[in-house]
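Chemist: Input sequences plus hints: build the corresponding full structure.
Chains as they are written, first to last, in the numbering used here: chain A, 1 to 426; chain B, 1 to 426.
Derived by calculation from the structure, the hints in this document are not laboratory data. Every residue, glycine too, gets a C-beta built ideally from N, C-alpha and C. Fair warning: there could be bad hints in the mix.
Claimed, not checked - Which residues of chain B face chain A? A partial, calculated answer using Cβ under 7 Å:
#1 T112
#2 V373
#3 V418
There are 2 protein chains.
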Amino acid sequence: MTQQETSATQPNPADLVGGLARAGRKAQTRLARLSGPEKAQALQLAAQGLRAAEAEILAANELDLAAARKAGLAEAMLDRLALDAGRIEAVASAVEAVAALPDPVGQKIDRTQRPNGLVLERVRVPIGLLGIIYESRPNVTADAAALCVRAGNAVLLRGGSEAVHSNRAIHAAMVGGLVKGGVPAEAVQLIPTQDRAAVGAMLAAAGLIDMIIPRGGKSLVARVQADARVPVLAHLDGICHTYIHQAADPEMARSVAHNAKLRRTGICGAMETLLLDATFPDSPALLGDLLDAGCELRGDPRAQAMDSRILPAAAEDWDTEYLEAILSVAVVDGLDDALAHIAAHSSGHTDVIVTQDEVAAEQFLAIVDSAIVMVNASSQFADGGEFGLGAEIGIATGRLHARGPVALEGLTTYKWLVRGTGQIRP
Amino acid sequence: MTQQETSATQPNPADLVGGLARAGRKAQTRLARLSGPEKAQALQLAAQGLRAAEAEILAANELDLAAARKAGLAEAMLDRLALDAGRIEAVASAVEAVAALPDPVGQKIDRTQRPNGLVLERVRVPIGLLGIIYESRPNVTADAAALCVRAGNAVLLRGGSEAVHSNRAIHAAMVGGLVKGGVPAEAVQLIPTQDRAAVGAMLAAAGLIDMIIPRGGKSLVARVQADARVPVLAHLDGICHTYIHQAADPEMARSVAHNAKLRRTGICGAMETLLLDATFPDSPALLGDLLDAGCELRGDPRAQAMDSRILPAAAEDWDTEYLEAILSVAVVDGLDDALAHIAAHSSGHTDVIVTQDEVAAEQFLAIVDSAIVMVNASSQFADGGEFGLGAEIGIATGRLHARGPVALEGLTTYKWLVRGTGQIRP
Chain A
1 MTQQETSATQ PNPADLVGGL ARAGRKAQTR LARLSGPEKA QALQLAAQGL
51 RAAEAEILAA NELDLAAARK AGLAEAMLDR LALDAGRIEA VASAVEAVAA
101 LPDPVGQKID RTQRPNGLVL ERVRVPIGLL GIIYESRPNV TADAAALCVR
151 AGNAVLLRGG SEAVHSNRAI HAAMVGGLVK GGVPAEAVQL IPTQDRAAVG
201 AMLAAAGLID MIIPRGGKSL VARVQADARV PVLAHLDGIC HTYIHQAADP
251 EMARSVAHNA KLRRTGICGA METLLLDATF PDSPALLGDL LDAGCELRGD
301 PRAQAMDSRI LPAAAEDWDT EYLEAILSVA VVDGLDDALA HIAAHSSGHT
351 DVIVTQDEVA AEQFLAIVDS AIVMVNASSQ FADGGEFGLG AEIGIATGRL
401 HARGPVALEG LTTYKWLVRG TGQIRP
Chain B
1 MTQQETSATQ PNPADLVGGL ARAGRKAQTR LARLSGPEKA QALQLAAQGL
51 RAAEAEILAA NELDLAAARK AGLAEAMLDR LALDAGRIEA VASAVEAVAA
101 LPDPVGQKID RTQRPNGLVL ERVRVPIGLL GIIYESRPNV TADAAALCVR
151 AGNAVLLRGG SEAVHSNRAI HAAMVGGLVK GGVPAEAVQL IPTQDRAAVG
201 AMLAAAGLID MIIPRGGKSL VARVQADARV PVLAHLDGIC HTYIHQAADP
251 EMARSVAHNA KLRRTGICGA METLLLDATF PDSPALLGDL LDAGCELRGD
301 PRAQAMDSRI LPAAAEDWDT EYLEAILSVA VVDGLDDALA HIAAHSSGHT
351 DVIVTQDEVA AEQFLAIVDS AIVMVNASSQ FADGGEFGLG AEIGIATGRL
401 HARGPVALEG LTTYKWLVRG TGQIRP
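Modeler: Shown next as structure tokens:
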């Protein structure tokens, strides 16, 4: 084999990603000319493609599962990876649900007329080419592709090596449907190598990839945030606080705290730190309720004094996202003390106050500087679906472009349209 | 002098910028608690401070001008640097104009109520700490600081070394006024060293500086875009096209083209390439008009054939921002050909079609993927003031966060406020 042949069959990761990105950008300009109903129909065909390829997808998934079992992956990882007929149907239905969402492209943000007669409008347009880097769940291949296409964006998908066969089968089935609907195949591309250097090449592709969204564990997100030269939409941590104010309704406080921690402990909107006002009378009962439900509590000395089952909290507990049935508990002296704790330790995701005092509630809403600030509700509502956005690509805790649950609107940008009648600038 | 003393008096640039940034972030949390009227009043006091310090500012400016003359700076550079009583008054008035703009902080973007009763609102909040890196014009010190403070942001200012004394005097006068109005002094900080490594430290300060805005020439913007690990809001080039469609009104075409190129040639919204439809009958007269006005034309062979004074265009002319009385001219065969030229060569700033054909106009608006797309108007309107935004911090051609003229709204982000009555997630 000559050297030229080698480099042709095995391009280096930067060339590979560069070539895919250029093809994706070109495909995006064609995708951008499809109407909303055309994109919706293509996504419906993609969902049909997924259903029709059930056998191929399950066979591919079996290969991944066999390799994962051989590698000794934990049961929880195997469960994330595993597909069955029900899960494939759920993936297809989710694609149809995205198809049914209103098209964000072309939506008018505002319109003004200037004294000189110029009419200005801002309208939403696609961002361009997005990169999604994700881990073991193969459904992300379809979910992310559907959201990107709905908003007129091309996408480069880079899934985890555990799910490589499943991802390829899902991608092939989906693109087959999209192409029937007039979407160029290069609008949705799966990086064809599991070489980790391809991720580095994506992160370095400033000017070729417009935005990268990592979906996965903290180490993946941290690497992407540290290394990317491309803008990143992500959240690293969900260290969510619930502050039980002096004027909280005791029953509401118990119910909200229980739900915020224990409904599902593994999601980013789960409460990780409970702040109890020193003057809230019902704290021992609230803590007893959590302990009785099997939650491990790690408290400061005043919290520990309320129940002998409470373990001592170490300094790092206030900055830890447990994602399991463990909760840190601090007793604070009033609203300002709670705000100071949150300012020092919140990851900027979701923070909650429980109170019947409207003044305290409004102060909390005004001062807490997190993507989502709630009054009298479980932090587990921090979710695009619960917010009525239809579906979310993720939750962002950065400060620019989009914050909190990011759905179709966050996958668009805007342009200014100016309509004149020959105006020249004096 | 011991080593410790040396490092205490001359911290390395990363430590210096880190210390200033941390102080700025702390000040920002206090600034964020001021009301809109309080911030406005502080800016009015800053404007008064600028007027009161006229003598000090002029004396400082004289030092900069003397150094610049000694260094042999060009007349245009000296003019950008020079202040007089009238220019100081203009700077103070500009600060007052920003004070008079509506406060963007707290503005509601949208509000929805969910079936479960949760009420969701998105409200604008400050971004945090911004970095402004700029060149010779000392008025940017005041303009940028005023816009940042109006939107509740702290700012680190890094001006050019030519204007170091002027910038310090303007900064001192302004901060004196702001502090009287209750704004912490550290909300507006001027980097105290001209060491170029301080710029590098700002660009690397991810997590400490939330966004950097470069204001200056192309080499400054290019360096910032290439090196920054912090999000950047900027435009590198303004390669603006005007396409004269077959159905353009001849008189309007001549007037718009003349204004777009020659009103002011040095601004980013000035036309740099004229696209003439091969079937537009009045092209020779339009080109003759520009030539008669002293504009150098560089054309493709079909354009050259229209007037012997037209020079041949080289390939790089289609990608050149002249910023002077030079224009590249191409003859195109219809709308699609014009769109293809723009897709290949536009810098994504402002592109214009002149036509009486509404279908062609709407196609152009839909397909051209630039921050600003205009019909029947001079590209020189690409400006925050002309767009009714009050004042602009710059024009952005990136795709995320804010596009086109960026004013107060672009200096904010949003958070979600969720008001419940004890809802828990099923």
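Chemist: State for each hint whether it applies.
Modeler: A quick look at each hint next to the structure:
no. : hint : in the structure
1   : T112 : 6 Å, holds
2   : V373 : 6 Å, holds
3   : V418 : 4 Å, holds
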